Amino acid sequence: MIQDTVLVVTLVLMGAIVAAFLFVAINAKNDGGEYAPIQGRAYAIRSKLFWVLVVAGVLITTVTTLDLPYAATRGEMAGVDKQIDINGKQWYWEIADTSAKVGETVVFNVSAGDVTHGLGVYDQDMRIIGQTQAMPGYANSLKLTFDKPGNYKLMCMEYCGVAHHAMVSDFTVTE
Amino acid sequence: MNDSTAIAPMPGSSKLAILAYLGISALVYVLMMVLGLLMRMGQANWLGLPADLFYQIMTAHGAGMVGISGLAGSAVMWYFLRRYVDLTVGILWANLAFFLSGVVLILGGIFLGGYAGGWTFLFPLPSHGMGLWGPVGAACFLGGLLLIGVGFLLLYLDVARAIISKYGSLARGLGWPQLFGNSDETPPPAAVVAATMVLLVNITGIVAGAVVLVLILVNLFMPEFEVDALLTKNLIYFFGHVFINATIYQAVIAVYEILPEYTKRPWKVNKVFLGAWTASTIMVMAVYPHHLLMDFVMPTWALVLGQIMSYTGGFPILVVTAFGALTIVHRSGIQWDMPSGLLFLSMFGWAVGVVPAVIDGTIAVNNVMHNTMWVPGHFHMYLIVGLVAMLFGFKYYITGQDGKPGMFDKLAFWIYSLGGVGLSVTFLISGYFSVPRRWAQHMPEWVGLSQPAALMGAAVALGAAIFAIRFLTSLKHARAV
Ligand code: HEM
Ligand SMILES: [Cu+2]
Ligand SMILES: [Cu+2]
Numbered sequence: 026m027i028q029d030t031v032l033v034v035t036l037v038l039m040g041a042i043v044a045a046f047l048f049v050a051i052n053a054k055n056d057g058g059e060y061a062p063i064q065g066r067a068y069a070i071r072s073k074l075f076w077v078l079v080v081a082g083v084l085i086t087t088v089t090t091l092d093l094p095y096a097a098t099r100g101e102m103a104g105v106d107k108q109i110d111i112n113g114k115q116w117y118w119e120i121a122d123t124s125a126k127v128g129e130t131v132v133f134n135v136s137a138g139d140v141t142h143g144l145g146v147y148d149q150d151m152r153i154i155g156q157t158q159a160m161p162g163y164a165n166s167l168k169l170t171f172d173k174p175g176n177y178k179l180m181c182m183e184y185c186g187v188a189h190h191a192m193v194s195d196f197t198v199t200e
Numbered sequence: 037m038n039d040s041t042a043i044a045p046m047p048g049s050s051k052l053a054i055l056a057y058l059g060i061s062a063l064v065y066v067l068m069m070v071l072g073l074l075m076r077m078g079q080a081n082w083l084g085l086p087a088d089l090f091y092q093i094m095t096a097h098g099a100g101m102v103g104i105s106g107l108a109g110s111a112v113m114w115y116f117l118r119r120y121v122d123l124t125v126g127i128l129w130a131n132l133a134f135f136l137s138g139v140v141l142i143l144g145g146i147f148l149g150g151y152a153g154g155w156t157f158l159f160p161l162p163s164h165g166m167g168l169w170g171p172v173g174a175a176c177f178l179g180g181l182l183l184i185g186v187g188f189l190l191l192y193l194d195v196a197r198a199i200i201s202k203y204g205s206l207a208r209g210l211g212w213p214q215l216f217g218n219s220d221e222t223p224p225p226a227a228v229v230a231a232t233m234v235l236l237v238n239i240t241g242i243v244a245g246a247v248v249l250v251l252i253l254v255n256l257f258m259p260e261f262e263v264d265a266l267l268t269k270n271l272i273y274f275f276g277h278v279f280i281n282a283t284i285y286q287a288v289i290a291v292y293e294i295l296p297e298y299t300k301r302p303w304k305v306n307k308v309f310l311g312a313w314t315a316s317t318i319m320v321m322a323v324y325p326h327h328l329l330m331d332f333v334m335p336t337w338a339l340v341l342g343q344i345m346s347y348t349g350g351f352p353i354l355v356v357t358a359f360g361a362l363t364i365v366h367r368s369g370i371q372w373d374m375p376s377g378l379l380f381l382s383m384f385g386w387a388v389g390v391v392p393a394v395i396d397g398t399i400a401v402n403n404v405m406h407n408t409m410w411v412p413g414h415f416h417m418y419l420i421v422g423l424v425a426m427l428f429g430f431k432y433y434i435t436g437q438d439g440k441p442g443m444f445d446k447l448a449f450w451i452y453s454l455g456g457v458g459l460s461v462t463f464l465i466s467g468y469f470s471v472p473r474r475w476a477q478h479m480p481e482w483v484g485l486s487q488p489a490a491l492m493g494a495a496v497a498l499g500a501a502i503f504a505i506r507f508l509t510s511l512k513h514a515r516a517v
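As given, the protein sequences belong to chains A and B, one line each in that order. The numbering of the first sequence is my numbering, which starts it at 26 and goes up by one. The numbering of the second sequence is my numbering, which starts it at 37 and goes up by one.
Some clues are possibly wrong.
For lysine-lysine, the following DSSO-like pairs were computed, each having C-alpha atoms within a straight-line distance of at most 27 Å [said to hold, decoys possible]:
{"#": "1", "chain 1": "B", "residue 1": "LYS440", "chain 2": "A", "residue 2": "LYS54"}
{"#": "2", "chain 1": "A", "residue 1": "LYS173", "chain 2": "A", "residue 2": "LYS126"}
{"#": "3", "chain 1": "B", "residue 1": "LYS446", "chain 2": "B", "residue 2": "LYS202"}
{"#": "4", "chain 1": "A", "residue 1": "LYS73", "chain 2": "B", "residue 2": "LYS202"}
{"#": "5", "chain 1": "A", "residue 1": "LYS54", "chain 2": "B", "residue 2": "LYS202"}
{"#": "6", "chain 1": "A", "residue 1": "LYS54", "chain 2": "B", "residue 2": "LYS300"}
{"#": "7", "chain 1": "B", "residue 1": "LYS300", "chain 2": "B", "residue 2": "LYS446"}
{"#": "8", "chain 1": "B", "residue 1": "LYS304", "chain 2": "A", "residue 2": "LYS73"}
{"#": "9", "chain 1": "A", "residue 1": "LYS54", "chain 2": "B", "residue 2": "LYS446"}
{"#": "10", "chain 1": "A", "residue 1": "LYS173", "chain 2": "A", "residue 2": "LYS107"}
Don't read these hints as lab results, they were simulated from the structure. Remember, predicted model here, so these are calculated numbers, not experimental data.
Could you put together the complete structure from these sequences and hints?
Written out as structure tokens, the structure reads:
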């Protein structure tokens with residue numbers, strides 16, 4: 026699950042920053058004498074850090090933009106088994122079909138009838154597997170492949186008024 | 037660093053005005069934190085908050101926190117900037133008057149008019165209150181924002197005028213002759229460079245915000261005047277992103293000015309510094325599409341640019357400013373007291389909060405993290421542990437409360453900072469578990485995540501209350517220079 030990777034990377038990087046600040050805070054009260062040599066060393070570290078971040082940034086950008094979630098919205102429907110229209114309204118989902126079969130690739134064509142909503146698809150463990158905005162006047166197409174059978178939930182991800190949190194519908198994936 | 041060694045006293049009634057900005061902000065922060073605490077307690081099932089009240093509180097907390105941060109940030113900028121350029125005291129007061137009138141309208145719109153459309157007033161929600169609020173409540177809220185915007189616009193126009201009349205142009209205020217040319221004139225001080233960046237982005241942002249507010253206001257009363265939802269969303273997030281970010285870019289001037297006093301080391305305005313601020317000027321404005329990564333209909337190039345700008349936007353902060361703070365403090369023999377401690381903490385909070393923000397700027401990550409608690413997780417980190425710590429550090433400084441801190445101050449420092457980190461981390465963990473943001477009522481399995489969060493929120497609010505009391509009771513010692 027991508028959330029795991031995200032959490033680990035975040036904690037590692039945050040930990041590195043914690044370590045750097047703690048290191049400096051602990052040593053701060055010692056007087057290191059002349060500033061110039063300290064600054065010189067810091068600048069050397071900084072330029073290394075800069076290049077490490079540049080290289081990492083370029084690599085990560087390249088890898089993560091190879092497969093964007095936008096293809097279906099641009100009309101690419103190859104390999105799609107089923108399209109389902111979903112319309113968000115205050116405060117319920119109008120869903121053309123609330124089921125799919127395991128292994129099917131489904132495209133949800135998502136729009137809204139009044140205000141902006143957001144369609145989040147949650148799996149049996151209540152974790153998001155994909156989402157898109159539901160905006161009046163626009164149709165966003167969310168493509169998902171359902172690998173596991175079970176009860177999924179379609180939940181509202183964009184604040185849409187006082188019953189926003191009650192906009193939850195079921196979606197069933199059968200064998 | 038300064039172009040003059042002796043600093044002129046504050047002109048006219050500006051000292052009083054600055055203290056009014058800071059005093060009001062201290063009180064409002066504590067009050068708004070209590071509102072935040074109520075929301076977290078509601079989500080923890082410790083408090084039976086009806087959904088309509090929850091969303092009204094959420095709207096007040098969001099608008100209040102963003103607005104007061106703008107006010108407090110501008111006070112820090114004004115305080116240091118007037119050391120170098122000739123600012124107009126009357127405009128400083130006028131901005132406060134606009135601000136307070138706007139606040140009255142906003143509070144009326146929310147708590148009398150029932151408006152609960154969120155501080156981001158995502159169109160067309162303001163005109164769809166479904167009986168909870170009507171056009172008048174929404175119009176009060178939006179009109180209040182507009183008034184506040186007018187005040188800030190005046191303030192930044194005055195800043196622009198003052199910088200141009202001293203340095204000749206805004207390009208010179210950003211130090212472009214030194215950055216791009218081979219001018220060996222001394223570049224402008226850090227405060228001027230930062231203020232130039234801020235006025236450029238904020239004037240642009242506020243104008244965009246004003247345009248969209250007017251569009252929505254007209255539509256409220258004349259629904260046949262049609263407005264496009266995606267266009268307004270672009271304008272709203274452009275304005276909102278720029279405005280909240282500019283608060284930190286103003287407050288950080290306190291770090292540039294005060295840490296060198298403590299460490300007896302200069303914060304040098306060199307090419308790297310100037311380059312970072314010029315880059316930030318562009319990136320802060322170009323990065324806003326990362327709020328629209330889940331609007332699949334947006335042009336792909338804009339969304340990919342949103343990801344790239346999110347990555348590069350972290351550079352000037354991490355690699356230049358946070359690193360600069362570490363360098364200037366390292367083995368400096370600094371004396372830790374409230375101003376230096378809070379300012380150092382604030383650089384930590386800013387840097388560490390950038391991490392989850394940048395990661396969420398990745399389209400693939402946003403697909404599972406957008407509008408989850410991950411988002412308030414990252415921004416509470418750099419607002420509570422970053423921005424607000426910076427502001428309270430400045431408040432301790434300006435009221436002469438340096439030197440050995442008292443027991444209460446120390447206590448407040450630790451509960452505030454640990455509580456702030458804890459509160460933000462619990463938000464992040466909720467995001468990891470896909471808990472959506474802005475849900476008045478949580479699913480049973482999520483309630484356990486909100487309970488420790490509510491405790492941390494209480495710690496933060498308590499710490500801030502002590503900071504605020506210490507500031508308000510020390511006003512008579514405030515510096516006049
Ligand atoms: C005691 C400290 C604080 C607590 C307990 C707190 C709590 C909260 C909670 C529970 C939410 C709503 C989360 C959700 O979406 O479900 C929230 C949203 C927010 N908070 Fe805070 N907060 C605190 C401090 C701050 C500070 C210092 C700032 C800014 C300087 C701030 C700015 C915001 C903003 C902008 C939102 C978004 C509102 C929206 O989603 O419309 N908060 N906060
Ligand atoms: Cu909805
Ligand atoms: Cu909703």
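Tested hints:
1. LYS440(B) with LYS54(A): Cα-Cα ~14 Å, so holds.
2. LYS173(A) with LYS126(A): 9 Å, holds
3. LYS446(B) with LYS202(B): Since the Cα atoms of LYS446(B) and LYS202(B) sit roughly 42 Å apart, the hinted pair is violated (cutoff 27 Å).
4. LYS73(A) with LYS202(B): Roughly 38 Å separates the two Cα atoms, so the pair is violated.
5. LYS54(A) with LYS202(B): 39 Å, violated
6. LYS54(A) with LYS300(B): 13 Å, holds
7. LYS300(B) with LYS446(B): 24 Å, holds
8. LYS304(B) with LYS73(A): Roughly 20 Å between the alpha carbons, so the hint for LYS304(B) and LYS73(A) holds.
9. LYS54(A) with LYS446(B): 17 Å, holds
10. LYS173(A) with LYS107(A): Holds, at roughly 17 Å.
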